Amino acid sequence: MEEKLERKATRRRRTPAEFIMENLFLLCALASIAAVAVITVYLFVSGTPAIFKIGAKEFLLGTVWKPTEGQFGILPMIICSVVSTVLAVGAGGVIGVMTAVFMAELAPPWLTRLLRPCVRLLAGIPSVVYGYFGLTLIVPLIAKLSGFAGNSLLAVIVLLAMMILPTIISISEDALRAVPRAYKEGSLALGASHSQTIFKVLLPAARSGILSALVLGVGRAIGETMAVILVAGNTPQIPTSLFDSVRTLTINIAFEMSYAEGLHREALFATGVVLFLFIMALNILLNVLTRRREKKNA
Amino acid sequence: METILSAEKLNLYYSDNHALKDITLPVPKGQVTALIGPSGCGKSTFLKTLNRMNDLVDGVRVAGLVTLDGEDIYAPDYDVVGLRKRVGMVFQKPNPFPMSIFDNVAYGPRIHGQRDKKALREIVESSLKGAALWDEVKDRLNKSALSLSGGQQQRLCIARVLAVGPEVLLMDEPTSALDPISTQRIEDLIEELKGRYTIVIVTHNMQQAGRISDRTAFFYRGDLIEWGETDTLFQTPADKRTEDYITGRFG
Ligand SMILES: Nc1ncnc2c1ncn2[C@@H]1O[C@H](COP(=O)(O)OP(=O)(O)OP(=O)(O)O)[C@@H](O)[C@H]1O
Ligand SMILES: [Mg+2]
Chain A
1 MEEKLERKAT RRRRTPAEFI MENLFLLCAL ASIAAVAVIT VYLFVSGTPA
51 IFKIGAKEFL LGTVWKPTEG QFGILPMIIC SVVSTVLAVG AGGVIGVMTA
101 VFMAELAPPW LTRLLRPCVR LLAGIPSVVY GYFGLTLIVP LIAKLSGFAG
151 NSLLAVIVLL AMMILPTIIS ISEDALRAVP RAYKEGSLAL GASHSQTIFK
201 VLLPAARSGI LSALVLGVGR AIGETMAVIL VAGNTPQIPT SLFDSVRTLT
251 INIAFEMSYA EGLHREALFA TGVVLFLFIM ALNILLNVLT RRREKKNA
Chain B
1 METILSAEKL NLYYSDNHAL KDITLPVPKG QVTALIGPSG CGKSTFLKTL
51 NRMNDLVDGV RVAGLVTLDG EDIYAPDYDV VGLRKRVGMV FQKPNPFPMS
101 IFDNVAYGPR IHGQRDKKAL REIVESSLKG AALWDEVKDR LNKSALSLSG
151 GQQQRLCIAR VLAVGPEVLL MDEPTSALDP ISTQRIEDLI EELKGRYTIV
201 IVTHNMQQAG RISDRTAFFY RGDLIEWGET DTLFQTPADK RTEDYITGRF
251 G
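Line by line, the protein sequences give chains A and B.
Just so it is clear: in the first sequence, position 169 is 169 by the numbering used here, and no numbers are missing.
Just so it is clear: in the second sequence, position 21 is 21 by the numbering used here, and no numbers are missing.
In case anyone wonders, no lab produced these hints; they're calculated from the structure.
Warning: the hint list may mix true and false statements.
[Stated by the list, open to error] Below, a sample of chain A positions facing chain B; criterion: calculated Cβ distance under 10 Å:
#1 V179
#2 E185
#3 Q196
[Claimed, not checked] Just so you have them, the derived chain B footprint on chain A, three or more residues with Cβ under 8 Å:
#4 198–210
#5 276–285
Note that this is a predicted model, so its numbers are computed, not measured.
Using N, Cα and C, we set each Cβ at its ideal position, and we do this for glycine too.
Chain B on its own, in the form it takes in the complex:
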């Protein structure tokens, strides 16, 4: 099994708050890895270390190693822009820009230097198709993205990430703000995207983790308690805390 992203002895501090403790977790290429755990255990924090979105937070300190294809992404001269192109992120709340649907998807390619109109149209179309949104919006690409429903907006955000051609997709509870039908759509989409993309997804929904992920990692109070094949972890958890959590005894 090929590992694309990997954390080794990763520690993260928000000022005095030790939010991630000695996390070691390889992310296998082309698979879906789910991060689960009770609120505040550090799932989002861990996810954000993988594309350095933590850089935006004041007073954050990272120690340890995160590698992408074997390269240390926290090395001083590492190209963060290039990293975020390769490791895209979808947020919990859909956050399309207040511009047209087309411009939202074209945003990434444009800032990375794509000027050619025809090429942009092709990228937009293939990305929207990739995010299973094309048929719903192809007649109104110039309408404001804010006029879409929540579920459509989230798929638009996925399309927007696909448009820059990433290898890894980080998703932080992408369906928690959505209704069941939209959730189903996004889950189907993840199913379809896996293989071509490596996906790391945070979810509070155990069934969802069970349905869509190949591997699951259980976080608890900043520690990574255990990780492994999703089926194994759910059926025969090694740790008592994991068992309690997945059976709903706390969290």
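Next up, chain A with everything else stripped away, as it sits in the complex:
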């Protein structure tokens, strides 16, 4: 009772400046929520009708994408997006986590101090620059080594793996550094070697942080457009080898949006809906992971 009175009193004492600031914050928050809501609604409104017109099964499981002939199957793109993302996160994850272990546990401090800004710089490079790098280096290299045209699923995977490395490295390193020193001491005091301690205690203890890093990597990889468009080859087909020219969901939209009309245009929006659902699922997963970590720390 008393508390309530007191709270009322403080509220009344609010100065005009505070009043303005508080509402400014509120306004900003509302604006960002509105932006998300508008995008979501717009995407679903313009995308879902196409799914019904084409037929959900034909759209999602159809293997032929020929808009001029009225064939709108995006299965090749779904497969390509999923395969390239999974393999890129697999490769980038292993390399990234190992790098993080190196930086957190093995490297001398001066080297870590040098590496960390480099990693941060890598994270800030615009994706079109990565794409250019892929086009002028990775693609020719693959072409030379394999004898096929270099624009391929493999090029996409290599490029995506490189692009997600910085995220995975920095988040995993933070997670490893957050592991209490006492765990490490406890393990070493039992006669464990340094590498046993890393694999059996430190990495498991940093598990949820590393998982979050991987999920963020997946989000970045599946949504990446500009870089992969330059190296993928962009043929809408189900890949049968790493050297096939491929097209991801994102490429599909970016590639054709500028000239598409009517149902074709709607089908591209529908592709966006599918992508959106993927990313939403990832976000939910990430939320669950972080919440579980918070609960554990509490």
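For this one, chain A is given, so just place chain B with the ligands on it according to the hints.
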């Protein structure tokens, strides 16, 4: 009296800080040796020289001799992993790993190559019994070790050390983070373990040192002032500083 561990003219420097000065202290086998002294006098540092946990600290320098069964443990080719198996350590703050109770105790045997499930179960059970924790946790071995109380966690850490079959237990203020009942438990446990194990324990609690130890060593500002039978040291201290400390005049 058989000596198992022994320091001779041991000096330790943290960069410029001369933290241990010419320490000569034999640790008798099967007995409890207590290390006492005011904060910052080098008790923990000395304890850590005995299983080379100081190796983890940057810029640390050790001179002099520490021997285990007559062997110089700071010799360049000495097997540190083997040393830490024989000389286990219990820390001031209980530090169980964030895994199940079972996995905590099985951790040591596993990393030392024990794969057999049945053997592991037996080791876990006997170690938990050895640490007087078995009855409290036998029904929830798969629960997280972090769900135990502080006192139980500390006994788990003792069990974890017992599981690798050490000969010496180093304990750095193992009860300072615990309530009186848990403290009593750990003291009883030490009483029970002595004889089978050689125990070196750091404590700030004079009564505790008096209750559980056979011998006591008094450290002061990096020097070992005196050491001997606990009763003798407490009743007739040879040095004025020892007397002042144990009677609570400083520290
Ligand atoms: N890792 C370290 N790096 C540098 N100096 C250290 C380190 N650990 C301890 N010292 C120094 O060595 C001296 C002895 O410290 P130590 O921790 O051994 O004292 P202690 O007797 O255990 O004290 P307490 O009773 O407070 O635990 C202190 O001067 C301390 O500052
Ligand atoms: Mg100490």
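Hints versus structure:
no.	hint	result
1	V179	9 Å, holds
2	E185	7 Å, holds
3	Q196	5 Å, holds
4	198–210	holds (count 4)
5	276–285	violated (count 0)
When held up to the earlier numbered hints, the structure conflicts with hint 5 and nothing else.
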